[in-house]
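One line per chain: the protein sequences are A and B, in this order. Going by this note's numbering, the first residue of the first sequence is number 3, and it counts up by one from there. Going by this note's numbering, the first residue of the second sequence is number 4, and it counts up by one from there.
No lab work stands behind these hints, which were simulated from the structure alone. Hints are supplied without guarantee of correctness; some may be wrong.
Pair ranges (Cβ atoms, derived) [stated by the list, open to error]: (1) Ile-247/A x Glu-222/B: 34 to 42 Å; (2) Arg-127/B x Ala-54/A: 42 to 50 Å; (3) Val-252/A x Thr-174/B: 34 to 42 Å; (4) Ala-54/A x Pro-149/B: 25 to 33 Å; (5) Lys-167/B x Thr-8/A: 47 to 55 Å.
Positions of the beta carbon are idealized from the N, C-alpha and C atoms, including for glycine.
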Amino acid sequence: MSARLTGGMAWVMYPLTAATMLFVLAPLAVIMAMSVSTSPFAAFPPRGFTLAWYGHVLADPDFRSSLTFSALLAGCATAGALAFGMPAAFALTRCAMPGRDALRLILLSPLIFPVLVIGVALLRLFSDWNSNSAPLNLLIGHVLVTTPYVVRTVTASLLLADVSLEEAARTLGAGRWRVFRRVTLPQIAPGVAAGTLFAFMVSFDNYPISMWLADAQNVPMPMLIYRQVASIFTPAVPATSTLMILFAFVVVLVMERLAGLRRAMAM
Amino acid sequence: MRNGLTRRAAIRAGVGASVALPLVSINGARGATRSIQVGIYTAQQGEYVRKQIIPQFESDNDCKVFTTEGVTLTQIAALRATRENPRYSVMFMDDIGIELSKREGLIDPLPADKIPNLAGVLPRFIVFDGYGAAFAISTGGLVINPQVTKPLTTYAELWEPRFKQRYLMTTPKFTQSLYLLIAAASLVTGKPLKEAQYEIDAAWPKMAELRPNVVSTYENPSQVMMVAQGQVDIAGIEYSKNLYPYTVQGAPLDMCFPKEGTFAGINCLSFVKGGPEPDLAAAFINRMLEPSVQQGLAAATLTSPSVKGATFAPDIAKYIAYPEAKMDAMGLFAADWAYMNPRRPGWLEKYNQVFGS
Chain A
3 MSARLTGGMA WVMYPLTAAT MLFVLAPLAV IMAMSVSTSP FAAFPPRGFT LAWYGHVLAD
63 PDFRSSLTFS ALLAGCATAG ALAFGMPAAF ALTRCAMPGR DALRLILLSP LIFPVLVIGV
123 ALLRLFSDWN SNSAPLNLLI GHVLVTTPYV VRTVTASLLL ADVSLEEAAR TLGAGRWRVF
183 RRVTLPQIAP GVAAGTLFAF MVSFDNYPIS MWLADAQNVP MPMLIYRQVA SIFTPAVPAT
243 STLMILFAFV VVLVMERLAG LRRAMAM
Chain B
4 MRNGLTRRAA IRAGVGASVA LPLVSINGAR GATRSIQVGI YTAQQGEYVR KQIIPQFESD
64 NDCKVFTTEG VTLTQIAALR ATRENPRYSV MFMDDIGIEL SKREGLIDPL PADKIPNLAG
124 VLPRFIVFDG YGAAFAISTG GLVINPQVTK PLTTYAELWE PRFKQRYLMT TPKFTQSLYL
184 LIAAASLVTG KPLKEAQYEI DAAWPKMAEL RPNVVSTYEN PSQVMMVAQG QVDIAGIEYS
244 KNLYPYTVQG APLDMCFPKE GTFAGINCLS FVKGGPEPDL AAAFINRMLE PSVQQGLAAA
304 TLTSPSVKGA TFAPDIAKYI AYPEAKMDAM GLFAADWAYM NPRRPGWLEK YNQVFGS
């Protein structure tokens, strides 16, 4: 059977797919186009062509410090989300315990509640705790909102995993940790990879939590962009945004190389 | 095999980083004996305070000043969220926020005995019984492209058919939208802004007549660039501090201040109720009101200082409402927020009814 669509279906599906891609990518293309304008203010369509704004952004210490901080924060938040999310997913799928459905709802609730409200609630909580370390507060907040992504994807993978293989390994004398490492993990790797990617990108791109918990010394990238737009909207702002898009693209490529992301996304 | 090793390395790096991250901030605070948290503004004002004022203050007082950036509404929300256990000592907010915060018991009067520079502040900028002191003043008016549109002499011109679908209006969510209501009330009643602000109800039929001219509303000040690009002819009411940075950079943008008066955007300092290190907080406010600091801040952000005796070169002076004689000549008007704030939710609803459907 050929994978290529033909006939009437092709006439419908190809234009529809092209239109969807245009709809998704057009805003990004506009941003990228604005970043190469020679005019001193961001404008579309752009005037002329220059890469000087990228030089300007890359030389900006605020940009470098924000990018480093955001990448570090997103990496740590992802590690935290995996540390909490994977055992939680195991408990939800493998343990027959009372209130399991309620627990699942609670674990996934950060996906449902407005993130802005979670941010202000955390601000209040940290104030009560006298916790004045912005990076630590941000890390806790980001772990909170990224963990549900790991729980969801790993849970889905665990439901598809073949439990009889684990039982066979146990019967043959493998310990629990070895069974997890050698039998379970390879089966759920796509789900873990997808959860890692979602968690990283959600944290890297988060504004609503960061706006309440960040301070002026530790500024994640989305807040830096907002600050720049609020000051004066030069093409440096779209250049910064384009670099963020490229960074996200690189992360996806790395994940694809490490864990076969296409498999995870097709799950 | 290769993949497994790489994953392990990545996990190790992640765990290591997660341990290191909180330490970064702790190291940052080490060395100073005292610290305060200050809620400053975003944009150029925030940057100037962060980079030019705070480092010297920290050095002079052997302290650490932690800052968060926000706008008046988020600053008040942060004060409300931390009311039981205040973490801020000083909060920047507009005069409209001082009234609200005072009424809600979020701030205390400025301790005048610990802020000697308060004596140098123009009396009109010590607001709400000494609960707030201005440190910068912007002027509110309409934004035009001087190559295309002549400055409006009266707000009545905004209703003219030549601006049909050519006026970009400030979102009703922003304080500047109240200024437009006051201007409309002034046109309807024939009263000056100071009296017209109490007769907003009379303005709504006039506001409905403005609807054909409104092409859209905007929330981000950077959208005034639509005026420079010819997509609209006029925008506002906007604050000068958001507009003149573009003008200085060469954008074909200018402000006009019709004869009814000029609206004052008063950026204030407030003293948080029960905030940590009150003496250090007072010292910080005092530093913000120091004549040399005021002069530098005003020149860098194109806002008027609140203290007496500052002087500016002509290329700066033309953008700011200063000295006091110029403020009076421009009819600088500060709204009565004690009257307006309680009524604002109703007006916002009315705004949405008139312009939303």
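Could you check the hint for me, namely that Lys-167/B and Thr-8/A are 47 to 55 Å apart, CB to CB?
Given a distance of about 52 Å, which is inside 47 to 55 Å, the answer is holds.
Is the distance from the Cβ of Ala-54/A to the Cβ of Pro-149/B consistent with 25 to 33 Å?
28 Å, holds
Within 34 to 42 Å: is that where the Cβ-Cβ distance between Ile-247/A and Glu-222/B falls?
23 Å, violated
Lying within 34 to 42 Å: is that true of the beta-carbon distance Val-252/A to Thr-174/B?
37 Å, holds
Assessment of proposed distance window 42 to 50 Å (beta carbons of Arg-127/B, Ala-54/A)
At 45 Å between Cβs, range holds.
Comparing the model with each numbered hint stated earlier shows that hint 1 is the single one that does not hold.
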